[in-house]
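2 protein chains.
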Amino acid sequence: MKLKNDRLLKALLREPVDRTPVWIMRQAGRYLPEYLATRAEAGSFMQLCQTPELACEVTLQPLRRYDLDAAIIFSDILTIPDAMGLGLYFVTGEGPKFERPLSSRAEIEALPRPDISDSLRYVTDAVSLTRREIGGKVPLLGFSGSPWTLATYMIEGGSSKTFGKAKRLLYQDPNTAHVLLGKLAETVTDYLNAQIEAGAQGVQIFDTWGGALSFDAYREFSLSYMQQIVDGLKREHDGRKIPVILFSKGCNTQLEALADSGCDALGVDWTIALSEARRRVGDRVALQGNLDPSILLADPDVIRREVRRTLESFGPGEGHVFNLGHGITPDVDPDHLQALIAAVAEFSPALHRGN
Amino acid sequence: MKLKNDRLLKALLREPVDRTPVWIMRQAGRYLPEYLATRAEAGSFMQLCQTPELACEVTLQPLRRYDLDAAIIFSDILTIPDAMGLGLYFVTGEGPKFERPLSSRAEIEALPRPDISDSLRYVTDAVSLTRREIGGKVPLLGFSGSPWTLATYMIEGGSSKTFGKAKRLLYQDPNTAHVLLGKLAETVTDYLNAQIEAGAQGVQIFDTWGGALSFDAYREFSLSYMQQIVDGLKREHDGRKIPVILFSKGCNTQLEALADSGCDALGVDWTIALSEARRRVGDRVALQGNLDPSILLADPDVIRREVRRTLESFGPGEGHVFNLGHGITPDVDPDHLQALIAAVAEFSPALHRGN
Chain A
900 MKLKNDRLLK
910 ALLREPVDRT
920 PVWIMRQAGR
930 YLPEYLATRA
940 EAGSFMQLCQ
950 TPELACEVTL
960 QPLRRYDLDA
970 AIIFSDILTI
980 PDAMGLGLYF
990 VTGEGPKFER
1000 PLSSRAEIEA
1010 LPRPDISDSL
1020 RYVTDAVSLT
1030 RREIGGKVPL
1040 LGFSGSPWTL
1050 ATYMIEGGSS
1060 KTFGKAKRLL
1070 YQDPNTAHVL
1080 LGKLAETVTD
1090 YLNAQIEAGA
1100 QGVQIFDTWG
1110 GALSFDAYRE
1120 FSLSYMQQIV
1130 DGLKREHDGR
1140 KIPVILFSKG
1150 CNTQLEALAD
1160 SGCDALGVDW
1170 TIALSEARRR
1180 VGDRVALQGN
1190 LDPSILLADP
1200 DVIRREVRRT
1210 LESFGPGEGH
1220 VFNLGHGITP
1230 DVDPDHLQAL
1240 IAAVAEFSPA
1250 LHRGN
Chain Y
900 MKLKNDRLLK
910 ALLREPVDRT
920 PVWIMRQAGR
930 YLPEYLATRA
940 EAGSFMQLCQ
950 TPELACEVTL
960 QPLRRYDLDA
970 AIIFSDILTI
980 PDAMGLGLYF
990 VTGEGPKFER
1000 PLSSRAEIEA
1010 LPRPDISDSL
1020 RYVTDAVSLT
1030 RREIGGKVPL
1040 LGFSGSPWTL
1050 ATYMIEGGSS
1060 KTFGKAKRLL
1070 YQDPNTAHVL
1080 LGKLAETVTD
1090 YLNAQIEAGA
1100 QGVQIFDTWG
1110 GALSFDAYRE
1120 FSLSYMQQIV
1130 DGLKREHDGR
1140 KIPVILFSKG
1150 CNTQLEALAD
1160 SGCDALGVDW
1170 TIALSEARRR
1180 VGDRVALQGN
1190 LDPSILLADP
1200 DVIRREVRRT
1210 LESFGPGEGH
1220 VFNLGHGITP
1230 DVDPDHLQAL
1240 IAAVAEFSPA
1250 LHRGN
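Which chain is which? The protein sequence lines are A and Y, in order.
Counted from 1, the first sequence has number 1206 at position 307 by our numbering; the numbering is strictly sequential.
Counted from 1, the second sequence has number 946 at position 47 by our numbering; the numbering is strictly sequential.
Hints are supplied without guarantee of correctness; some may be wrong.
Copies of the same chain look alike in the list, so a pair counts if it works inside one copy or between any two.
[Said to hold, decoys possible] Below, simulated DSS-like cross-link-like pairs (lysine-lysine); rule was C-alpha separation at most 30 angstroms, straight line:
id	residue 1	residue 2
1	1133	901
2	901	1060
3	1064	1148
4	1133	903
5	1082	901
6	1140	1060
These aren't lab readings, by the way, just hints derived from the structure by calculation.
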């Protein structure tokens, strides 16, 4: 089925487009009443992730409301550790937890390399189904957590403020940390390639906790494994390039190194001006971002002004994908996201040659 | 009383020293059993802060154990909003809370400018007492939270992950935000000047949540108010310069602007290499930092290696104060901090002209 809107894929490859494409991290999420209804119907967050029809349904919901330029498959970043046997569960108000967090070298060595076509079949089934249901309207993105970000949850047993246990492993026993991160890099590669085979037309790696690491530790324990994944991904499928986006939150001191990783685009948070980020990465990669999600809590006229400011900070030319600098929060009024999307459509055409 | 060890004050002013001075953010804290004993004796954290003899005692405790080059007065960053009438209290495991968070322009306009010599007398009394008790062994630092960081707690009513309410105010009603931040900047100036009058020999402003702001919002709502404070501080007392340190966590994209603020030194977190931070600020300011606090969870040989690496990243020459990139955590073994301090003493003399 022909892709009717390839604005996102073009922008990620820095090809000319008529206007800046826009999608929103966590666009299928709790700020949407229809999402909450489907989640209630599913019974639990895990059931929602693990039932392809329901995951497909919530993936499509934001496309029915908004003129978005991409869908991203609804799933959780912790599906991989769950498939490795750690026992993912959710406690309301406390976030994700693992029944069996990692606490020894022996446990890390015993971790299996999951057979994606078996234990993560529910994700690739959701991808195939959603790709079919979208009917070529917009591209579908796949995603995974980065090895380091997955490792933090696997070692801490859940969310953490300071990542003390995970970092202690890196510093105290780097060899064991490398065993774990190497296994995760292999599995993430398998997982993203399986999503691409199933129909994902681009992929994003979420390195949510990259910014917790020191400058040197980030290179050794996070970036090098994302690089290994980028090297192992199928970069073409069905005759079309598959763009790869890396998003390391809080890692603006690493932009140059990230741009040299071989990925196509970098997600950028709001602590750097896009003009400065663009100057630093040059024409090596596209940039995705970077509106502060909290701006969606303000009124539509404020949102409009800040969207315009963000577009103008990137400036004229190709290689910008509009997004937030992190996921949309549950307290956002859905009409406010509408205002954001309308402002991108209004202000961005003037910035593009393809117009 | 003559100051016997002025290594810290010299290093903050980029004057020659025999070795790199070291102090540790939150050095009087929960990782020390003697601190826990005094806190238990006080009955509550607030009582500990508000009783000058006890605040003095815990300020001095780390100096008895370690060869530190400074003391920092024991207090809390939220004393100012408490003095403005918001009703600070602590819930174990949940951090600080306010009984009466700010929710309207009228409440912000009604906020008083506290008379420091009355409502914050317990802090200046603790400073005078501690200065006397230290007996010139090392200098005593005073501190305050930054206006933006104080404002987040005052609007959110406590800690926050995303600062949605506080940021909504900035974007939706910047005029009201400026009224609040302006009042806080005046009060912080009064407060730090009162600490200097009482005997503080240097001061640090903690902008713990500066990194939550976008690049532009940081300049408008955080940096400009810190600058206003720096401009209003007594920079000399009793014939000696009073160095001013700004610490904006997660704001490495702002280092150049921070260096132009008129302060003497910048605290730096561990997401940037000190070599790069030094290159960017040039000889405008000294740098303080930047070991990842989690390194103190590893064994002494690892700590030794990472201290050396941090010192060498700054490199030869003046203007480095060794510290962590954020506060020491309660789970640290006190002997591990000893290893850090010993390593600074061992490796740093070779880097200094004053040696």
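So, going through the hints one by one against the coordinates:
| no. | hint | verdict |
| --- | --- | --- |
| 1 | 1133 - 901 | within (20 angstroms within a copy, 69 angstroms between copies) |
| 2 | 901 - 1060 | neither (45 angstroms within a copy, 42 angstroms between copies) |
| 3 | 1064 - 1148 | both (20 angstroms within a copy, 22 angstroms between copies) |
| 4 | 1133 - 903 | within (23 angstroms within a copy, 65 angstroms between copies) |
| 5 | 1082 - 901 | neither (37 angstroms within a copy, 59 angstroms between copies) |
| 6 | 1140 - 1060 | neither (38 angstroms within a copy, 37 angstroms between copies) |
In summary, the structure is inconsistent with hints 2, 5, 6 from the numbered list given earlier, while agreeing with the others.
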